Amino acid sequence: MTTARTIVRVPPSAKRGEVIEIRTLVGHTMETGFRRAQSGELIARDIVRSFVCTYNGAEIFRAELHPAIAANPLIIFTAVASESGTFEFRWSGDNGFAASASAAITVT
Amino acid sequence: MTSRRQFLVAAVGIGLASGAQATPESMREAMRKVTGGAPVRQGRVKLDLPTLVDNGNAVALGVTVESPMTPADHVKAIHVFNEKNPLPGVLSAYLGARSGRAMVQTRVRLADSQTVTAIAQLSDGSFWSDSVQVTVTLAACAGDS
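Chains C and Y are the protein sequences, given in the same order.
Just so you know, we're using our numbering here: the first sequence kicks off at 1 and counts up by one.
Just so you know, we're using our numbering here: the second sequence kicks off at 1 and counts up by one.
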């Protein structure tokens, strides 16, 4: 299991029913598996395969990533602020890569 | 000393060796896997991508879909494909009524000037798409940077 730097930005508070923007980033090289080392050998693929966001335990957004996603995958999406609680973010990938982050929101 | 001809042959050899590449056909194949052969209509989807890209290593890409995003009528998934990277798939995002807006943004790699296509799958089972032709001056995966 590797640890990685994560950055998530969720507004700390929102009105009920408001659509909020969530920005997430995880530190990862996203090695494509198509590049060659100087010796000519292929460098093995090592990418983040999937990203999941849950809101108070319920999945609201999921993404499957391919090698065409740039290094340090940035994913921006939206959610309806329905209740106060926690957003949890989970990334997983090759070689047992796993990273997670969470953010709280107060909904009024 | 290497003659020009030998050099060219060697250069072509290197080109072929590094060869794995998606093609317009393999992109269509990957799209068929997603749509199951259902018709894909133009419209409702807006793919935001610069048409001229300096650096293919990180290109801002955004997809928005016109949809009320209600439990009865929402976008279930957004898929992005390309023609000329080594693999046709770029991103598959799964959303729903709780997303509020049908939107996703990320940063992608582009190996060459090519057409990038986004397909949205709606809750009623229809598929909509938008394509952008991009010109890339410095390609991703070009060197061992």
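Bear in mind the hints are in silico, worked out from the structure with no lab data behind them.
Predicted model only: the values in this text are computed from it and were never measured.
Mixed in with the good hints there might be a few duds.
[Said to hold, decoys possible] Here are the computed lysine to aspartate or glutamate pairs in the DMTMM-like style, where the Cα-Cα straight-line distance is at most 20 Å: (1) Y/84 to C/31; (2) Y/76 to C/59; (3) Y/76 to C/64; (4) Y/84 to Y/48; (5) Y/33 to C/64; (6) Y/84 to Y/29; (7) Y/76 to C/31.
Right, here's what the structure says about each hint:
1. For the given pair, residue 84 of chain Y sits about 18 Å from residue 31 of chain C by alpha-carbon distance, which is consistent with the 20 Å threshold.
2. Proposed proximity of residue 76 of chain Y and residue 59 of chain C is supported: the alpha carbons are some 13 Å apart, at most 20 Å.
3. About 14 Å separates the Cα atoms of residue 76 of chain Y and residue 64 of chain C, which keeps this hinted pair within 20 Å; it holds.
4. Proposed proximity of residue 84 of chain Y and residue 48 of chain Y is supported: the alpha carbons are some 18 Å apart, at most 20 Å.
5. Straight-line distance between C-alpha atoms of residue 33 of chain Y and residue 64 of chain C comes to about 15 Å, which keeps the hinted pair within the 20 Å bound.
6. Note on residue 84 of chain Y and residue 29 of chain Y: the hinted pairing holds, with a Cα-Cα distance of about 14 Å set against a maximum of 20 Å.
7. A hinted pair counts as satisfied when its Cα atoms are at most 20 Å apart, and residue 76 of chain Y with residue 31 of chain C does not qualify at roughly 29 Å.
Going down the numbered hints, you'll see the structure goes against just number 7.
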